[in-house]
Amino acid sequence: MEPTNTEAPDYFHKVVDCQWACPAHTPVPEYIRLIAEGRYSDAYMINWKSNVFPGILGRTCDRPCEPACRRGRVEDQPVAICRLKRVAADNKDDIRGRLPRPARIKNGKRVVMVGCGPASLAVARDLAPFGYDITIIDQDPKPGGMIRSQIPRFRLPESIIDEEVGYITDLGMTLRQGERVDSLKALLDEGYDAVFVGSGAPRGRELSIPGRQEAAAHIHIGIDWLSSVSFGHTDKIGRRVIVLGGGNTAMDCCRTSRRLGGDDVKVIVRSGFEEMKASPWEKEDAMHEDIPILNYLVPKEFTHENGRLTGVTFEKVHAVYDAKGRRDLVPTGEPDQHFECDDVLVAVGQENAFPWIERDIGLEFDKWDMPVVNEITMGSTHPKVFFGGDSAFGPKNIIWAVAHAHQAAISIHKLLSGEDVDDRPPPGVTLASQKMGIHEWSYDNDISNDARRRVPLRDKAEALSNVKLEVELGFDVKLAFQEAQRCLNCDVQTVFSTPLCIECDACVDICPVDCITFTSDGEEAELRERLKVPARNLTQDLYVSTELPTGRVMVKDEDVCLHCGLCAERCPTGAWDMQKFLLSVTQVEDICASRKMAAE
Amino acid sequence: MTYITKPRLHHPLLAPNALGFTRRDYEGKVSTLCAGCGHDSISAAIIQAAYELDLPPHRLAKLSGIGCSSKTPDYFLGNSHGFNAVHGRMPSVLTGASLANRELIYLGVSGDGDSASIGLGQFAHSVRRGVNMTYIVENNGVYGLTKGQFSATSDPGSKSKRGVVNHDQAIDLVGLALQLGASFVARSFSGDKDQLTPLIKAAISHKGAAFIDVISPCVQFNNHVGSTKSFDYVREHNAALNRLDFIEPREEITVDYAPGEVEIVRQHDGSILKLRKLSAEYDPTDRISAMGHLQLHQARGEVVTGLLYVDPDAKDLHDHLGTVQKPLNQLGDAELIPGPAALAAINDSLR
Numbered sequence: 001m002e003p004t005n006t007e008a009p010d011y012f013h014k015v016v017d018c019q020w021a022c023p024a025h026t027p028v029p030e031y032i033r034l035i036a037e038g039r040y041s042d043a044y045m046i047n048w049k050s051n052v053f054p055g056i057l058g059r060t061c062d063r064p065c066e067p068a069c070r071r072g073r074v075e076d077q078p079v080a081i082c083r084l085k086r087v088a089a090d091n092k093d094d095i096r097g098r099l100p101r102p103a104r105i106k107n108g109k110r111v112v113m114v115g116c117g118p119a120s121l122a123v124a125r126d127l128a129p130f131g132y133d134i135t136i137i138d139q140d141p142k143p144g145g146m147i148r149s150q151i152p153r154f155r156l157p158e159s160i161i162d163e164e165v166g167y168i169t170d171l172g173m174t175l176r177q178g179e180r181v182d183s184l185k186a187l188l189d190e191g192y193d194a195v196f197v198g199s200g201a202p203r204g205r206e207l208s209i210p211g212r213q214e215a216a217a218h219i220h221i222g223i224d225w226l227s228s229v230s231f232g233h234t235d236k237i238g239r240r241v242i243v244l245g246g247g248n249t250a251m252d253c254c255r256t257s258r259r260l261g262g263d264d265v266k267v268i269v270r271s272g273f274e275e276m277k278a279s280p281w282e283k284e285d286a287m288h289e290d291i292p293i294l295n296y297l298v299p300k301e302f303t304h305e306n307g308r309l310t311g312v313t314f315e316k317v318h319a320v321y322d323a324k325g326r327r328d329l330v331p332t333g334e335p336d337q338h339f340e341c342d343d344v345l346v347a348v349g350q351e352n353a354f355p356w357i358e359r360d361i362g363l364e365f366d367k368w369d370m371p372v373v374n375e376i377t378m379g380s381t382h383p384k385v386f387f388g389g390d391s392a393f394g395p396k397n398i399i400w401a402v403a404h405a406h407q408a409a410i411s412i413h414k415l416l417s418g419e420d421v422d423d424r425p426p427p428g429v430t431l432a433s434q435k436m437g438i439h440e441w442s443y444d445n446d447i448s449n450d451a452r453r454r455v456p457l458r459d460k461a462e463a464l465s466n467v468k469l470e471v472e473l474g475f476d477v478k479l480a481f482q483e484a485q486r487c488l489n490c491d492v493q494t495v496f497s498t499p500l501c502i503e504c505d506a507c508v509d510i511c512p513v514d515c516i517t518f519t520s521d522g523e524e525a526e527l528r529e530r531l532k533v534p535a536r537n538l539t540q541d542l543y544v545s546t547e548l549p550t551g552r553v554m555v556k557d558e559d560v561c562l563h564c565g566l567c568a569e570r571c572p573t574g575a576w577d578m579q580k581f582l583l584s585v586t587q588v589e590d591i592c593a594s595r596k597m598a599a600e
Numbered sequence: 001m002t003y004i005t006k007p008r009l010h011h012p013l014l015a016p017n018a019l020g021f022t023r024r025d026y027e028g029k030v031s032t033l034c035a036g037c038g039h040d041s042i043s044a045a046i047i048q049a050a051y052e053l054d055l056p057p058h059r060l061a062k063l064s065g066i067g068c069s070s071k072t073p074d075y076f077l078g079n080s081h082g083f084n085a086v087h088g089r090m091p092s093v094l095t096g097a098s099l100a101n102r103e104l105i106y107l108g109v110s111g112d113g114d115s116a117s118i119g120l121g122q123f124a125h126s127v128r129r130g131v132n133m134t135y136i137v138e139n140n141g142v143y144g145l146t147k148g149q150f151s152a153t154s155d156p157g158s159k160s161k162r163g164v165v166n167h168d169q170a171i172d173l174v175g176l177a178l179q180l181g182a183s184f185v186a187r188s189f190s191g192d193k194d195q196l197t198p199l200i201k202a203a204i205s206h207k208g209a210a211f212i213d214v215i216s217p218c219v220q221f222n223n224h225v226g227s228t229k230s231f232d233y234v235r236e237h238n239a240a241l242n243r244l245d246f247i248e249p250r251e252e253i254t255v256d257y258a259p260g261e262v263e264i265v266r267q268h269d270g271s272i273l274k275l276r277k278l279s280a281e282y283d284p285t286d287r288i289s290a291m292g293h294l295q296l297h298q299a300r301g302e303v304v305t306g307l308l309y310v311d312p313d314a315k316d317l318h319d320h321l322g323t324v325q326k327p328l329n330q331l332g333d334a335e336l337i338p339g340p341a342a343l344a345a346i347n348d349s350l351r
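As you go down the protein sequences, you meet chains A and B in turn. So for the first sequence, our numbering puts the first residue at 1; every next one is plus one. So for the second sequence, our numbering puts the first residue at 1; every next one is plus one.
Bound-form chain B, shown alone:
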């Protein structure tokens, strides 16, 4: 951390977005994480994405659990709603909030401990139910707050900072999310904001459970030789499937690539995902082949990144439950107390 607050002064050429906010207006407090933490880069990407999407800060709720990653919502979107849940319980709180007020945009921020260990069940069920959210795991493969033990996402064979080799199998959150029916699945790297920022924008615009696994090196405890979550390792083994350009509904689409190089996916809200293919045979709308591709390349020691899977027409939890269109706190007496006639009608239907 730093002792001073980040100066208010900003670059005079910093452009305001459609709401009149500059990127700086989407910042939060100064980070108290270790210098160089990958999580801070993810915060910066979230800030950039919110700014570029012209999001009104009061329309967004950020929820997190416990851990280094779960501290980060304090460092971005300082004017948005926030909830810091019990360890591993963020998905339930988020699900409840989403059911109560479907008009907010929900951003769940968690880590490998919070989501792959103590909160694995919660993670699984929120994804399985198709809660309309963006779920970001800031995955550093290590328990940083408790000084560097292996986490549930540490790869077998990787070494801790003190030289101990990990023998446990790793939980692959991306594989789980695909299997559990997430309708938007991506993996990225904190050291590559050009890839990460459009993915976050696309995930926020996606209707349904959107999951992004972001590998985020822990500079303090997991950035050494032998780690598979270090800057150097990820850069050397990064197998990017595609480069995403996110195009908002109001923008004009200009395709400037040769056919076959670009895939266009139109999402439910009208936004366009323009995917520049880096891996020729990859089809990001085919869940089964995505899982196969992931397994194959992971077995080769590659870190597959990019947009792995998207179902542009996905349904969410509200669709499944047929919930009321209005947020619950906006329902008036007339809607909540329909009166004896309505009760009689229900009773009649059950006779």
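Chain A on its own, in the form it takes in the complex:
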């Protein structure tokens, strides 16, 4: 194999699985160590810079980091990264003094955002401190978008939304709440220098089956119903509720129903339980609240009497896979099943809707009627218009919206500075030895054997009594410390130096997870099988050295390395060193700071 080029930032970045998996590339181990040290404000600020909404995401994130977490590959469960983030937010001091200040001098450039959800707010945060004149137009009475309208209060208290949205709006911007944008053309005609579309995926998908019209009074579209609950327009639901759909919105719908008078609430899904789109923990939370999830039932008809909904009829199906592994839901032939209910919530998906964008203003749409958006710059085919969040590539989640936003902000900044939008700034990277003494490292390299901690919950009866009462109590400081200690510090990299190695095998012998092999070089596929333990996880790279004096190479399988540093401790010559790799995605702030330094 080619010797590994550790100079390329991606190599070590990929080893930090959580950070690599995070769309915003939050340096997770860095802030987890700070939480373990009790430095909650510092941990919060690292998050705030990367993901903008630590308190909100610490409760609601889809956590792509957790399935990626290396801990999940060496024992049962990943580190509870998401809920640790919440700990930083819950225990921080007043951090307002550490936030950027509103720009004293405006730069004269006007940027408008459509929708005031996480994407627009994050773009506004990145741009506002540097003098941009920002206007946000939003249909709802308060800023926050789906964070405020769709996420139930028992998962995310309003005070957290007000706080973190407030940090951004305090930077100075014009909010035009309760206003809908009907024409992009008209908006452009108002003379803005750039437009950011962060309007989300605001339309709940319809379920057009017989009875839909007749029983309409008791059939609700999930996200609209959640929004109506959020803004206090709806405060009750029938006793028997059926939620159709298997995504996270369905989980929010059923749990909200339980708090608004539904005591017989079911979720019914077409697919199998395992294939449901909802995150496993959200399904768990629903079932904990005595909500059964019934699967392989396809809704066929809403039954009704005298214009009043009486229930839903389902066809029983089972999954059949063809030769290519594609699934087909095929009727089992059993009699249809009827479930009685008083209300139905339809949560079968969300769609984008751009009736307000004229198709003749130079903004191209693809065959699915979605705008053509550049995945790197977030630019559309109209030079002044950028997209981000769900409006860019369809429904995703908050953390993706934030990641889009940082890139869109850079694009807007470059565009309005007269620079090439396609010329993207590289990430900021540092790699520094953590050696403090012969056996001392600046991080705690002793590996905790503890299993994942569960987040304490409020008593169920109390939690179900009030839709605004937060269910999760969050980790206390002690639990947080124990959970933080489970982090393997994957950002502290094992760095190998060929000229120093005397091939004594000390690292091979001490490695608790058999990562390291000294062997003759070969093609990757064959080499993977020849290692001390075969490297069968192809998503994880091999670290291959240049040729050693015996003609062999050092091969390290990154897959299950515990980053315990024992290889470096047992190395007599310092050929192994533990070096912290810190990567921060470049933001507008960093571009402005480096330019200021260059000017001085």
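Derived by calculation from the structure, the hints in this document are not laboratory data. All the pointers check out, no bait thrown in.
Simulated pairs of lysine to any residue, SDA-like, Cα-Cα distance not exceeding 20 Å:
(1) 6(B) - 533(A)
(2) 532(A) - 21(B)
(3) 532(A) - 13(B)
(4) 435(A) - 3(B)
(5) 277(A) - 298(A)
Use these hints to put chain B onto chain A, whose structure you have.
Same frame as chain A, but now just chain B:
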């Protein structure tokens, strides 16, 4: 040494052996030897061998004397029996233990100081008597614990770390073992576990006195230019006689080499030693020619490694003495106090 204990977590693909143990279950405490010590590699090879042999840890006793090498039994087979003897006296303790309980597997671990200096006599007699044991000398040619003086196995002409030249003759433990009648003699190198591990497996399976001299560089005091026990020197001068594949009795033998390249030796317990010859004319079952070959190549400055000699049908001390088949602590009153009739019979035979 390190301040932390080795993490318990292991590779999810680590396979258990027939007893359900992974290799990690055969480990001991974390080594307190210097980083990079060759002895740690030998410990790792012992762990690997015990794991591959499916040894029940409680069936093995590890004995050692004094020295860096004699510390190592603490770092492997943490669930086996152990005895740390007085300096150089491990062979006597091992002999006594073996006589008392012949059912255990005995692993003697010693160093060049413990076996070639203070314990040379003990070493010689345990080998001479054919005690059923595996005797490993972790040979670094230096007194590491006392900061680098020459040991009895330092080669004449080799230099200490401070540049002093050694004028004394070296004791060649392998030559001694051959001469004293060891029935399994091998030499290996801590930096070559592919060679060492099968040798340890074969030695443990061997009935009789099995001796392995393992050259084990002292990274701290004997790994410099001018040393003949350094990683570089051994790698440059290594003249391997053969490559051993150890095949357990229950395994099927598949010979995939051309005739003449492989020699098959079947040991007493049914295990097979499959030797891939690297030196064409070498016959590992001929003690006299083994001694000659060793002398010849050593004189040329080569470090001869591999399985030097094996007598697959060797007898051990118990055979020579005609001892009782049971361990002494399992003998009951009936066997220990045969009664007046037996005494009378003995007395009669002496009249």
